[in-house]
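Chains A and B are the protein sequences, given in the same order.
Residue numbering for the first sequence follows the numbering used here, starting at 16 and increasing by one per position.
Residue numbering for the second sequence follows the numbering used here, starting at 97 and increasing by one per position.
Possibly wrong hints are sitting among the right ones.
[What the hints assert, rightly or not] Okay, derived cross-link-like pairs now, DSS-like style, lysine-lysine, Cα gap no bigger than 25 Å in a straight line:
| no. | chain 1 | residue 1 | chain 2 | residue 2 |
| --- | --- | --- | --- | --- |
| 1 | B | K248 | B | K151 |
| 2 | B | K219 | B | K240 |
| 3 | B | K166 | B | K213 |
| 4 | A | K147 | A | K184 |
| 5 | A | K41 | A | K28 |
| 6 | A | K102 | B | K213 |
| 7 | A | K23 | A | K54 |
| 8 | B | K151 | B | K240 |
| 9 | A | K54 | B | K166 |
| 10 | B | K151 | A | K54 |
| 11 | A | K226 | A | K244 |
| 12 | A | K102 | A | K54 |
| 13 | A | K226 | A | K102 |
| 14 | B | K219 | A | K23 |
| 15 | A | K102 | A | K185 |
| 16 | B | K240 | B | K213 |
| 17 | B | K166 | A | K23 |
| 18 | A | K41 | B | K166 |
[What the hints assert, rightly or not] If you want the footprint, here are the derived chain B segments under chain A, 3+ residues with CB under 8 Å:
| no. | stretch |
| --- | --- |
| 19 | 106-116 |
| 20 | 142-155 |
| 21 | 199-212 |
| 22 | 220-231 |
| 23 | 234-244 |
To be clear, the hints were calculated from the coordinates, so they are not data collected in a lab.
Model, not experiment: these values are computed from the prediction.
Virtual Cβ for every residue (Gly too), placed ideally from N, Cα, C.
The lines below spell out each chain.
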Amino acid sequence: MYNFIYEKVNTIKEVEKLLSENEETKILAGGQTLIPTMKQRLASPSTLIDISGIDELNFINDNGNSVTIGSTVTHHEVSSSDIVMNKIPSLASLAEGIGDPHVRNMGTIGGSIANNDPTADYPTACLSLNAKIKTNNREINAEDFFIGLFETALEENEIVVSIEFNIPKKSSYMKFPNPASRYAMAGVYVSVFDDAVNVAVTGASENGVFKWTEMEEALSSNLSLENAKNIKLSSDGVMSDIHADSAYRANLVDIMALRAVENLI
Amino acid sequence: MPTVNINVNGQDLSAEVEERQLLVHFLRDDMDLTGTHVGCDTSQCGACVVHLEGKAVKSCTMLAVQANGKNITTIEGIADGDNLHPVQEAFRDHHGLQCGFCTPGMIMAAIDIINRKPNLDEKIVREELEGNLCRCTGYQNIVKSILAAANK
Ligand SMILES: Cc1cc2nc3c(=O)[nH]c(=O)nc-3n(C[C@H](O)[C@H](O)[C@H](O)COP(=O)(O)OP(=O)(O)OC[C@H]3O[C@@H](n4cnc5c(N)ncnc54)[C@H](O)[C@@H]3O)c2cc1C
Ligand code: FES
Ligand code: FES
Chain A
16 MYNFIYEKVN TIKEVEKLLS ENEETKILAG GQTLIPTMKQ RLASPSTLID
66 ISGIDELNFI NDNGNSVTIG STVTHHEVSS SDIVMNKIPS LASLAEGIGD
116 PHVRNMGTIG GSIANNDPTA DYPTACLSLN AKIKTNNREI NAEDFFIGLF
166 ETALEENEIV VSIEFNIPKK SSYMKFPNPA SRYAMAGVYV SVFDDAVNVA
216 VTGASENGVF KWTEMEEALS SNLSLENAKN IKLSSDGVMS DIHADSAYRA
266 NLVDIMALRA VENLI
Chain B
97 MPTVNINVNG QDLSAEVEER QLLVHFLRDD MDLTGTHVGC DTSQCGACVV
147 HLEGKAVKSC TMLAVQANGK NITTIEGIAD GDNLHPVQEA FRDHHGLQCG
197 FCTPGMIMAA IDIINRKPNL DEKIVREELE GNLCRCTGYQ NIVKSILAAA
247 NK
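Same shape as in the complex, but just chain B:
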């Protein structure tokens, strides 16, 4: 089995993986980072979104070997100790989640949106959330949370 060297949440890791192992299973099953979820397993829902070199990607649609030599950030890696990341805090303050299943992917997508788009408005946020599905909230408070975080 090939060996991969991946920096996950600031930590250099070295591990043997099967070629066909998806990045999301490497993170959840091998690294015990179960914050990244599998919703659809068909590249539609965005529950599995992590950052690869700072950019949002679907970890169910990527092989662990493709991440060799790269930096990965998951939902576990964004808070600063006990201090939540501003986007996490905004989701808490604005009730941006209900069951919470979509939330890790939503937050990783939201950070990427805020990084890329300097002047966010509601229309842009809704368009940018194209790849993230939520079955509970109706998106209203997710959009509100992202706009609040962007304006902080």
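Same shape as in the complex, but just chain A:
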């Protein structure tokens, strides 16, 4: 790892100031992605801003129709939060399924969505639960936030402040974890709202997380296993690697969708 300047800050204002001073600056949240990347010298920021001590980023709020989670809340904190367990249990269990306990004690929700790994779990929750991502400058709908592989709508000087998830009538997240890393080889998040059923998929597409509109339409007309079984994900544009080729992965997505629907009926 190349050396860098380390700055621990207490306010969002200080982050903004440091980010504007130097292009080579990066935010450090839980470090569970950034530190391994820096060890491999795939990233070599000149300055790291440690945001883990910023109080205004560390909260979970119940707003009645939605739940807002601050960006530095760890996966463990989400999975053990009474608010999340009561209002959106599938989100708590998603968090409990990330990596392993040690990763969950450090890794944060903001770091996960800012990183937008194509096999990460949280991006599906954001899309499926119509999340709004609040930054220091604006509010971004999840559909406009996740752009491609490791790419988001975040600008250079922008930081994720919080994520607001709508509370669905019911929802379920099913993933087939890679047996070694626990990242998703296929993950499907199905959420039922009064006016729509949302289905988001991770681990599969070469373009990262996406909303599976054919499945959404089929399930919105009637939430049934039969309808789910009629829809198959095309393997065009599905990732292929040593763990799974695209046909196998597409099939895993179909199966995860069925399991999620099974949970909901």
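Following the hints, complete the assembly by docking chain B with the ligands onto the known chain A.
Structure of chain B with the ligands alone, referenced to chain A:
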């Protein structure tokens, strides 16, 4: 170089560290606490697990500067003088180790599991050991040791 103030195993320490120094190297090389091991150095194996404010973390995936102002507990800090910690004792009684390389991380992870989960069973222990690899035991006796310690 920045100065860090870290409480390690109940002792307040002050030291200069390079920004890029990993917590595990601070503990092993600077503090001579070589019980914490480096197995993979890629955040997979859990040989480096220590407690940060009482919670299990991978010390190879954390900077020493991130621990500034915090409490760290390592495998050296859990016994009470000559009396082993109950989890250590259970690993000894149930043959929960062979070469012993993974054991410090296993025991620190096990203490964290027992702290967090009041009603442990074999399935939960196996799931919770997701972040700890052992190349010798086949896990059977590790699971047995953790369950025995939890039931003490
Ligand atoms: C062994 C292992 C297994 C894992 N398994 C899974 C898994 O199964 N599923 C899964 O989804 N993830 C998994 N992860 C990744 C884990 O969830 C990370 O915690 C997460 O991807 C990054 O969060 P972090 O807080 O550690 O971010 P960091 O590593 O600190 O930062 C990641 C990136 O996000 C940026 N960033 C961080 N916070 C913000 C912010 N508030 N605003 C803007 N940018 C920000 C950083 O600059 C950096 O570029 C795993 C990681 C490991 C090491
Ligand atoms: S050495 Fe830290 S996880 Fe393997
Ligand atoms: S006892 Fe040898 S690696 Fe676990």
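Compare the structure with the hints numbered earlier in the document and write down the numbers of the violated ones, lowest to highest.
Checked against the structure, the hints that fail are numbers 12, 14 and 23, while the rest are satisfied.
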